[in-house]
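Letter by letter, the chains look like this.
Number of protein chains: 2
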Amino acid sequence: MSHYPPSILKLIKNFSRLPGIGEKTAERLAMHVLRAPRSEAEQLSNSIKEIKEKVRLCAMCFAFSDADICNICSDQRRISSILCVVEQPPDMVAIEKSGSFAGLYHILQGVLSPMNGIGPDSIRIKELISRIAEGKIKEVIIATSTNVEGEATAAYLAERLENYPVKVTRIASGVPMGGDLKYVDQVTLKRAMETRHAV
Amino acid sequence: MSHYPPSILKLIKNFSRLPGIGEKTAERLAMHVLRAPRSEAEQLSNSIKEIKEKVRLCAMCFAFSDADICNICSDQRRISSILCVVEQPPDMVAIEKSGSFAGLYHILQGVLSPMNGIGPDSIRIKELISRIAEGKIKEVIIATSTNVEGEATAAYLAERLENYPVKVTRIASGVPMGGDLKYVDQVTLKRAMETRHAV
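Just so you know, the protein sequences line up as chains A and B, in that order.
Counting in my numbering, the first sequence runs from 430 upward without gaps.
Counting in my numbering, the second sequence runs from 430 upward without gaps.
In short, the hints are calculated from the structure, not lab data.
Quick caveat: nothing in here was measured; it's all calculated off a predicted structure.
Positions of the beta carbon are idealized from the N, C-alpha and C atoms, including for glycine.
There's no promise every hint is true.
Claimed, not checked - Which stretches of chain B does chain A cover? Using the computed rule of at least three CB atoms under 8 Å from a CB of chain A, they are:
no.: 1; region: 512-522
no.: 2; region: 620-626
To be verified - Straight-line alpha carbon distances no greater than 20 Å define the calculated SDA-like cross-link-like pairs of lysine to any residue that follow:
no.: 3; chain 1: B; residue 1: K483; chain 2: A; residue 2: E471
no.: 4; chain 1: B; residue 1: K567; chain 2: B; residue 2: E556
no.: 5; chain 1: A; residue 1: K478; chain 2: B; residue 2: E556
no.: 6; chain 1: A; residue 1: K478; chain 2: B; residue 2: P466
no.: 7; chain 1: A; residue 1: K526; chain 2: A; residue 2: I511
The task is simple: from the sequences and hints, build the whole structure.
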């Protein structure tokens, strides 16, 4: 790489800091930027700067937002008595895309992970409890991931919320739609059997 | 995606214009930038801008350069009588990395591709002929790719250079080093047999 001029080397280095971008891909991206119209490069450059200046966490739900309160929290049409708890903003976006939820969110901005030193105080659990303590929320859907840390976080939240007059539910796990039973892993199948429902 | 705030959507859109970056990867990159320290994001943003401002083509060899004449062309220790012709700057960088060449380069900035409307006048062939017409170059090594277009370009260049008092050579093709004969494709094997050399 060191045979490129310094300005190209610098861009390659900066690109390769992005997740999943190795040195080869970074080189390819830099070559693209070199060839792209100046306006395209400037748009990319400016939008990187802008995101750091504009985006903050919504004061209510901790989603990324350009304003103090995000679009969803400030939308009067949303059902404010149901709260869906997710780990990260992309999880919220995935649920929004599915069109299956019309309530409000609470983004934990992380997941309990004692191995990595992430305890209840490191993520937005205190703020979740405060929202629920206000008494307007009737149901909390825990939509953390179904891996070890997500399950542990869900169990911890369920315990913490026991003393509040709120219904606590967990999104269902089971065979993915369109899935072929014989390719589904055992743990998922076991869960699908355990949480079967009447039809 | 449309459930992110506008500034994040803009960055995702701009990232996904890069080659090999789909919408999902662009989302992941944007999330990384959001979480990264402000200085890291600024470095990336600035280096994209800088590359468009600083980088130009070397007036001699048409490699990318921060100066009018690139480091290699201005390096007095390079052998100025041997010219290696490549398609693109990354090809030059690959040869430099191999440490197998101490002469100068000529970057065509493309390859003949009649199907895409790229003829001899669209790439730096005129400039190559001018450099050779000066009479100081004794050997031209054609190091274009070994795909159809690269081979056609090599054949075209060899023909164009016939009338100049210069030795024209082509980089060898054959079995890659460390390669297993049985996995080598037939065309490569045929070429390796045809261009065999005495040991």
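Hints, verified against the model:
no.: 1; hint: 512-522; result: holds (count 5)
no.: 2; hint: 620-626; result: violated (count 0)
no.: 3; hint: B:K483 x A:E471; result: 14 Å, holds
no.: 4; hint: B:K567 x B:E556; result: 17 Å, holds
no.: 5; hint: A:K478 x B:E556; result: 40 Å, violated
no.: 6; hint: A:K478 x B:P466; result: 12 Å, holds
no.: 7; hint: A:K526 x A:I511; result: 18 Å, holds
Comparing the model with each earlier hint shows violations of hints 2, 5; every other hint is respected.
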